[in-house]
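Each protein sequence line maps, in turn, to chains B and C. Just so we're aligned: the first sequence equals residues 1 to 726 in our numbering. Just so we're aligned: the second sequence equals residues 1001 to 1225 in our numbering.
Accuracy of the hints is not assured; some may be wrong.
What the hints assert, rightly or not - Label-pair distances were calculated between CB atoms; the ranges are:
(1) B/D714 to C/Y1055: 43 to 49 angstroms
(2) C/D1209 to B/K709: 33 to 39 angstroms
(3) B/K709 to C/K1151: 33 to 39 angstroms
(4) C/K1151 to B/P135: 45 to 51 angstroms
Claimed, not checked - Straight-line distance between alpha carbons at most 20 angstroms, and here's what the computed EDC-like set of lysine to aspartate or glutamate pairs gives:
(5) C/K1034 to B/E17
(6) B/K326 to C/D1035
(7) C/K1034 to B/E592
(8) B/K23 to B/D5
(9) B/K646 to B/E705
(10) B/K552 to C/D1209
(11) C/K1034 to B/D334
(12) B/K717 to C/D1168
Stated by the list, open to error - Where chain B lies over chain C, by a calculated footprint (3+ residues, C-beta under 8 angstroms):
(13) 1085–1096
(14) 1119–1133
(15) 1164–1176
(16) 1199–1206
Don't read these hints as lab results, they were simulated from the structure. The beta carbon of each residue, even a glycine, is placed where N, CA and C say it ideally should be.
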Amino acid sequence: MKITDQIVDKHGLKPEEYQSIKKLLKREPNLLELGIFSAMWNEHCSYKSSRIHLKKLPTKGKQVIQGPGENAGVIDIGDDDAIVFKIESHNHPSYIEPYQGAATGVGGILRDVFTMGARPIALLNSIHFGDPKHPKTKSLLNGVVSGIGGYGNCIGIPTVAGETKFNETYNENILVNAMAVGHAKKNKIFYSKAKGLNKSVVYVGSKTGRDGIHGASMASAEFDENSEEKKPTVQVGDPFTEKLLMEACLELMKDNSIISIQDMGAAGLTSSSVEMASKGSLGLELELDKVPCREDNMTPYEMMLSESQERMLIILEDGKEKKAKKIFDKWDLDFVVIGKTTNTNKLSLKFNNKVVGEIPIEALASKAPIYSRKWIKKKPRKNTIELKNLKKIKIEDALIKILSSPNHSNKTWITNQYDQMVMCDTVQRSGSDAAIIRIHNKDKAIAVSVDSSANYCKSYPLTGGKQIVCENWRNLITVGAKPLAITNCLNFGNPENQEVMGEFAECLEGIKQACEFLNYPVVSGNVSFYNGTNKKNIYPTPVIGGVGLIKKLSKPLNHSFKEANSSLLLIGKTFGHLEQSCFLKENYSIDEGMPPEINLLNEKNNGENLLKLIDKNLILSSHDVSSGGLITALSEMSIASGYGAKIFKPKKLTNLIKYLFGEDQARYIIEIKKNNSTKVEKILKDNDIYYENIGYTQRNFFEIESELKINVKDLFKINNEWYNTY
Amino acid sequence: MKSSVIVFPGSNCDRDIAVALEKMQFKNQMVWHKDTKLPKSDLIVVPGGFSYGDYLRSGAIAGKSLIIDEVIKAANSGCLVLGICNGFQILTETGLLKGTLLRNKNLKFINKDVQIKVLNNETKFTNKYKKDQILKINIAHNEGNFFTDTKHLDELKKENLIAFKYCDENGNGNQEANPNGSLENIAGILNDKKNILGMMPHPERMVDDIISNKDGINLFSSLLN
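For reference, chain B alone in the conformation it holds in the complex (with noise of 0.2 angstroms):
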C-alpha cells in the first residue's frame, strides 16, 4: 500500500514528522511501520511537547529508589521495604465509555506498579466532571465510579482516598485519573532494561483482540463532534484475568527468572517490546505468528496496535522458560515465547517467516521528536474583590451554600462503592486529609491523598502549582505522616495553544519550586494533553499523589473532633484573602482575581512543628485549611465527629466574612486537650510558628461567637442532601 498523506494524516502525523521518519528509515515506511511510528511518537507516549519542561523536576533525595522513566516510582520506607507507585490519566476513553475507560484506567497503573515486583496494596483517584446540571455529567460519573469500583473490588485492592470534583470546564472533557500504590522488598525490584542477547522474549497473559487499536493516538487529539466514532479505540477491561496475571507474576519474581518485565499498556506490544529494547540499547525480533490471538485473521498491524488489556512482555533468564511457563499454566495465562533480544538494535518483526517490518529501535525512541512549543506567561490578574460592593450575606447561609455544594459535599455515595476494606490494612479510609494504609505484618504505615486546585492554576499557573504540592504535603502532615514523595497527573488542553503551553510551563516551574523547598520529589507520573473539545480546552488541572511515612502506627490521627471541651488552635496566619475563594464561587459565582500566596518557608515550618506535635502525642485531631476556609473546615470536623464547637470572634482580623472564608495557605486546625495547651504553646512559640486560639469543642453546636449556632445534626444533614436529589 503506498502511504498517502492521508493515511499519514489519519496516524495522527504531522507531514513534517512524516518526512523525519522516511529520514530515519532513508525509505518510505510501509503501513505497519507507520502505524509502529505513530503509535510511538504520539504525545502520550513520547512526551514530545512536555519533556523539555519535565526534565526541570526535582526528582532525586536520600529517600527515591527509582525516579520518573520506569513503570513507576519507587521510594525507601525504612527497613527492607519499599514502596512504589504513580498516577496516570484516563481521560479520553473515559468520556467515550466511562465504564471501561475508567475500570482500565485501574487495570493500566495497577499492572505499572505490580511489574515492579510490588504487591499493590492501595488505589486512589482523582476525577473531575462537568457542571452537575450538563445532560452528560450524571451518567457519566455513574459509569466511571462504577468503573473504578468493578476493577478494584473485583482484582481485591482497596481503594482508599480520592477527590471528585466539578466544573463546567469539564462538561466535554472529563478527566479520570488513577494511582496506585505497591508494597515490595528494596531488594526485589524490577526493571524494563533488557539485558543480554538471545534472550527469550515472553508474551504473558491475556489473548491480543482488535480492542484499543490506537487508543494512545486517540488520547493525543482533541475531541471533536464526532468523538462517539472512536469509541472502538476504547479498551476492554478484565480485572478477573489481572487478578491471575497479577499473582503468576508475583509468584515467578518470587526467584531470579526475569531480567527485564514491562506491561503492554498504551501502544500495546509495540511500546512494551521498544522500551525494553531501547533501555538496553539492544534489538529485538519478535515472530508475530505466535502471539496469542483473541480472534481470526489478525495481522501484524492490528498485533502491534492493540491495547488490548492484561499482557505483559518478560525476558528471561537462559533454561528458565519451562518452570516459569508452569506457574502461567497454574493461573491458566498463555505464555508464549515470541522472539528474542539481538544485537541488532533494530526492532525486527516476522509474519509468516517473512520479514514484515524494520525500524531502528533508536528512531522510535531517543530519536523521536521533541518540541520546545511556545508558551506565553499568565499576567496577575491584579483586581481584588472589594465585599462592599457586593449583596450583603449572612454567614449561615453562605455556609450552607459551601457545604451544600456538589464540590463540598460529601461523598459517602461515591465511596461506599469502593471496597475499601479488603486487604485489612486499610487504617483510615477515605472521607479524612489522606488515607492510611498499614504494611502488612509491620507497624508501620504509610499515608496517601491525591489533591488538585484547577481554579488557582488557571486563574495564576505559578502559584497554583505550588499550592497543590502544599495542599498535598499538608494532607499527609495531619495524619502524621512525613511526606517522602510524589507522582503527578499533569491534565492540560492542547499544547499548541501557547497560552495552554505557558499554564503547563509555569504550573510546573511552581510543582518544581515547592517540591524542591520541601525535598518532597517527584518520582513518577504521567501528561495528558489535548484535554478539551473543539479547541476550548479545559482548565489546567495537575493532580499531585504523595505518599507519606508514619514510622511507628499508634492511634491512628484524623481531623474528626474527638471530645467536647478541647482547645482548637489555628497555626498559620489568616490574612482573610477572598480571590480565587470557594465563597465567591458558590455565592456569587464570581472567580477573578489572583489565588492566595504561597510562603513556602512557612509550609514548611509550620507543617514540619506540627509533626513534631503529633509525634509527642498532643494533637487528638488536625484538620488543614483549603477550599471553603476555616469555617468550613471546622464544620467538616464537626460533622465528621458529632461534636460541635464554639469560636472566638477574632481579635485582629475585623472582618470576619474575611476571616472565615479567606483561603490563606499553610493553616491546620488543631484539637488538643486543654491541660496541654501549655505545653503545645511552648513547643510553637519556640520555633516561631504563628498560631491563635480559636475557640474550643463542645456538644452538639457549631457556633461562632454572637453570630452563628447551628446544630451539628442539621449541619450533618445539608452536608449529605445534595446526591440524594441529583
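Position chain C relative to chain B; hints supplied.
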C-alpha cells in the same frame, strides 16, 4: 483446630481470612481449586472475592469446581463450613445452603460498616456471642440481597436457622437498617444441621482494633470452644 481455606482464581479475601484464623491459633492450610483432595480439617472456609471473575452468576462456576465436590462431601459428613460473602454465594450455588443472593436493591456495590444482631447464639459459630448482641461488621458486595421461598423462610424461623440479621444501633431490624434489600434483613443463615454458616458480612475484617474493631473475634473463638 485445623482449618482449610479454599482458594479459587479470583478469591481476594483468602489472605485476610487466613491471617484472622492464624491469629486465633487455627492450624490453617490453603487449598487450591484444582486440588481433588481436602486435607483433614475441622473447619472449611469458602472466602470472599470474585471467584472466576463472577462474570456469570456470582459463585456459579465455583459451585461446579473440582474441589467443591470434596467440600460438599465433607459438609455432608458433618465438617464445619463457613462461607463469607462470595463464599456464601458459592454455598447457595452448591445447594449446601438454600436460598439465593440477588443484586443489592440499589443496584450498586456497597462497602460500609453495618450493624448485625446475633439471633442464634447456640451454634458452633456463635456460642461466644450473647443472644441479640449487636455487632458492627463490614460488608462489601454487589449481590447480598438474600431471597428464598416462603417454605424455606418458615423453616429458617422455626428451626432457629437465622444466625444474623441487619439492624440499627438499637437492634431494630427495620428497612433503613437493611443495606441491600435482604428478605427480613437476613445477613447470615445456617443449614438444618447447623454445621454450615453462610454470611455476607466479613468477620475476618473485624479482628483488629487499629483497622476496625474486634466484633468478629468471637466467631472464631466460638469455633475453638
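Do the hints match the structure? See the list:
For B/D714 paired with C/Y1055, a C-beta distance near 45 angstroms keeps the hint of 43 to 49 angstroms intact. Our hint of 33 to 39 angstroms for C/D1209 and B/K709 holds, since their Cβ atoms are close to 36 angstroms apart. In this structure the hint that B/K709 and C/K1151 lie 33 to 39 angstroms apart at CB is violated, the actual value being about 57 angstroms. For the pair C/K1151 and B/P135, the supplied restraint of 45 to 51 angstroms holds, since their beta-carbon distance comes to about 48 angstroms.
Distance restraint check for C/K1034 and B/E17: the Cα-Cα separation of roughly 54 angstroms exceeds the 20 angstroms cut-off, and the hinted pair is therefore not satisfied. Under the criterion of a C-alpha separation no larger than 20 angstroms, the hint pairing B/K326 with C/D1035 is consistent with the structure, at around 16 angstroms. At most 20 angstroms may separate the alpha-carbon atoms for a hinted pair to count; C/K1034 and B/E592 exceed this at roughly 64 angstroms. The straight-line distance between the Cα atoms of B/K23 and B/D5 is roughly 16 angstroms, inside the 20 angstroms bound, and the hint therefore holds.
With a CA separation close to 7 angstroms, the supplied pair B/K646 and B/E705 stays within the 20 angstroms bound. Taken as a hint, the B/K552 and C/D1209 pair is honoured in the structure, with Cα atoms around 16 angstroms apart against an allowance of 20 angstroms. For the given pair, C/K1034 sits about 18 angstroms from B/D334 by alpha-carbon distance, which is consistent with the 20 angstroms threshold. Taking the CA atoms of B/K717 and C/D1168, the gap is near 19 angstroms; set against the 20 angstroms cutoff, the hint holds.
Counting residues of the segment 1085–1096 of chain C whose beta carbon lies closer than 8 angstroms to any beta carbon of chain B gives 0, which falls short of the minimum of three for the stated coverage. Three residues within the 8 angstroms Cβ limit are the bar, and the segment 1119–1133 of chain C against chain B gives 0, so the coverage statement is violated. Check result for the segment 1164–1176 of chain C against chain B: violated, 0 residues qualifying (beta carbon to beta carbon below 8 angstroms, three or more required). Chain B is given as covering the segment 1199–1206 of chain C, and this holds because 3 residues of the stretch bring a CB closer than 8 angstroms to a CB of that chain, at least three being needed.
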